[in-house]
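**Student:** Here is what each chain is made of, one letter per residue.
There are 4 protein chains.
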Amino acid sequence: MTDSTLNLPTNRIETLADGIFAIAMTLLVLGISVPNLPSSTDPQVFNAYIFSLIPEILVYILSFILLAVFWLNHHVFFVIKKSDITLLWINIFFLMSIAIVPFTTSLIGKYGQFHLSVLIFDLNMLIIGILFYSIFAYAKRHDFLVGSAQKKSASIQRSNLILPILAGVAIIISFFNSKWSVFIFFLLPITFTLYNFARHLFVRNKDHGG
Amino acid sequence: MTDSTLNLPTNRIETLADGIFAIAMTLLVLGISVPNLPSSTDPQVFNAYIFSLIPEILVYILSFILLAVFWLNHHVFFVIKKSDITLLWINIFFLMSIAIVPFTTSLIGKYGQFHLSVLIFDLNMLIIGILFYSIFAYAKRHDFLVGSAQKKSASIQRSNLILPILAGVAIIISFFNSKWSVFIFFLLPITFTLYNFARHLFVRNKDHGG
Amino acid sequence: MTDSTLNLPTNRIETLADGIFAIAMTLLVLGISVPNLPSSTDPQVFNAYIFSLIPEILVYILSFILLAVFWLNHHVFFVIKKSDITLLWINIFFLMSIAIVPFTTSLIGKYGQFHLSVLIFDLNMLIIGILFYSIFAYAKRHDFLVGSAQKKSASIQRSNLILPILAGVAIIISFFNSKWSVFIFFLLPITFTLYNFARHLFVRNKDHGG
Amino acid sequence: MTDSTLNLPTNRIETLADGIFAIAMTLLVLGISVPNLPSSTDPQVFNAYIFSLIPEILVYILSFILLAVFWLNHHVFFVIKKSDITLLWINIFFLMSIAIVPFTTSLIGKYGQFHLSVLIFDLNMLIIGILFYSIFAYAKRHDFLVGSAQKKSASIQRSNLILPILAGVAIIISFFNSKWSVFIFFLLPITFTLYNFARHLFVRNKDHGG
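Residue numbers (the numbering used here), protein chains in the order written: chain A, 1 to 210; chain L, 1001 to 1210; chain B, 2001 to 2210; chain E, 3001 to 3210.
Just so you know, these hints were derived from the structure itself, not from any lab. Since the structure is predicted, the reported quantities are computational estimates derived from the model, not experimental observations. Positions of the beta carbon are idealized from the N, C-alpha and C atoms, including for glycine.
Per label pair, the in silico range of CB-to-CB distance:
#1 E:N3047 to L:F1175: 43 to 51 Å
#2 L:K1081 to A:A137: 33 to 41 Å
#3 B:Q2157 to L:S1155: 43 to 51 Å
Derived DSS-like pairs: lysine-lysine, alpha-carbon spacing no greater than 25 Å straight-line:
#4 E:K3151 to B:K2082
#5 B:K2140 to B:K2082
#6 E:K3082 to A:K152
#7 L:K1151 to L:K1081
Taking the hints into account, I'd like the entire structure generated from these sequences.
**Tutor:** Written out as structure tokens, the structure reads:
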């Protein structure tokens, strides 16, 4: 006899996750600071101010892309038919580390020259990566995956390693060069897309060969 | 003959509740203040500033967990098939006390050393607890529960007492030690999980014995 | 032959409305200003500051209740089976006047002593009231209502007059006493609930008499 | 044999889009700055301050209308049955350029007198227009449209040109007169409504003639 309180349905947590992702992605914009200058400001001064916002806009773009990739991963590959209380809590900590991204993004946008800012952003990504890897690994171990996901679970688990590895590399690089440490994450969507493309080709070839 | 205006469907209020929970959880991040320092700031000064944010980050984690627990409770146990105008208003006041959590969280994050901040946060939790208890008690008394929830309603009502009791204890402690008063709420997810686990074991044993 | 571009489905605008209501209700909290005081502040000074927030908290409660009533009205009574481009635009202007409520609320919370603040809030409510009345009136005139709503449409249209009338009264009162002008809106949920209750009794009596 | 990872379902991206639109539309209100004046301020001074907010309120109205039109377009005409990884990324960049609208709106609301502010807003609109055009064009070229959309795809593609053209004109005008450059976008909802109305008449006439 199953106990409904321990085999929680997964669709509710997905609704919450959808909401938190959409809000976090839209709150990123608050990290781009609107100037607070007197209306009599010289146009040259105003233009200089706006150009100083370029790093904030770049990290806005980066973080938006990263959150989109995490959201996609959470949906496209994440096909878990049921959940238990442990998986629920891993998910809640995952969402907590997603919802804090507007803060860490704002930090590197404004203070990218300080190593600590970069380290905090990189750590945020590392935690997201580890928790995301754990969600899938836990679901796989406890047989919570739907049939179609079980077949390609090895491949998915490998692709889930990309983010924690990138974040680890970023942390190491940050001790030498803060700026490049952050932009290494632009590799994530590229790697992710290439990986899918490669896997797609490989699967198709195997199909044709079979 | 039933009157549709008084037996309101519950799914609409759930949609609103889902939205408010997701937004309140994501707005918590605005309580972590991004520094407003000149770019020529000394790294040491910047690091000191960041370390001074640790209490704000801790209460962010605490409040996120608490809102997640309230949200879970609102869904997992809250199986009410219909509603009336009174229940609707209790729910609206419940959501109002949820939506104010980013403010009270921000208050203890920034001014945890002041007793009044802590008292306001504890009162916020007490009100949430009382309203949540009332929702279920009212629904039970007026026979609005679905069948499966009716059977375990006594057990659910007991677990709904955990939060108001914890909040009451927190208020008393706050007069002696402000800091510990807040962190007592970390007991909520632990108690909640243990309670479920115990009940699960007990139910399973009874099943096996029967 | 019907043209799908002019007889738009209403469920999409409802999804948008649900989102905007939930977000506007949660953004109200940003109108309660978190103090920005040095950590060495005297507790007395801090307490005085917090007590000065009471008007902001009162208008938070008021506006949350008002938005909840508008949201309820938008759902419980608003049973429109189809829409055209005009109705869509009335709805968009209605949502625009809902989404600006966090601003007008923040204004009376912080500057309730100024007549202009109160006037802006009252005008906001008047516009919401007029647009809401127009939505239903337009839908009725163009035969867009579902069957059940058609029967009680006269009663609904009467209850839709409550808000514009209250707002008109509030504007007149505001020229004599700013503070009371705002709190007159607390009559809205009360009137609304009493009206429904009276209608319910009346309908039941007629049923019993028939 | 189809590969599910490359023929992604479109309903998930729609959920994300709905959320981002609703949040961006509601965050626009944060661009209207609540004054930060001492409570002893002279009423005349306060009134003068409020009247200085009129441009911010006008651009709030403009941007809300524009986002509503984009959202409508995204739904009413956007009938795509499947997606691939490229279309997904165009969509993500489209949503990124939507989510930044509260920033560019706030910029022209506060600093409309500076050419650079206006140029940034116009560029934002141009990018939205180009990406939106690309979404439909890509879907059409790759046969991702549902049957009903295929028939009127030429007409839709023409109407999708309105925004990029308006934005291009706005950019040129901005070099002569900043203020009018922004308000040219009020033509978008008007053109859009007229265009639909004209097409509707034309279609009906053809039906009657046939």
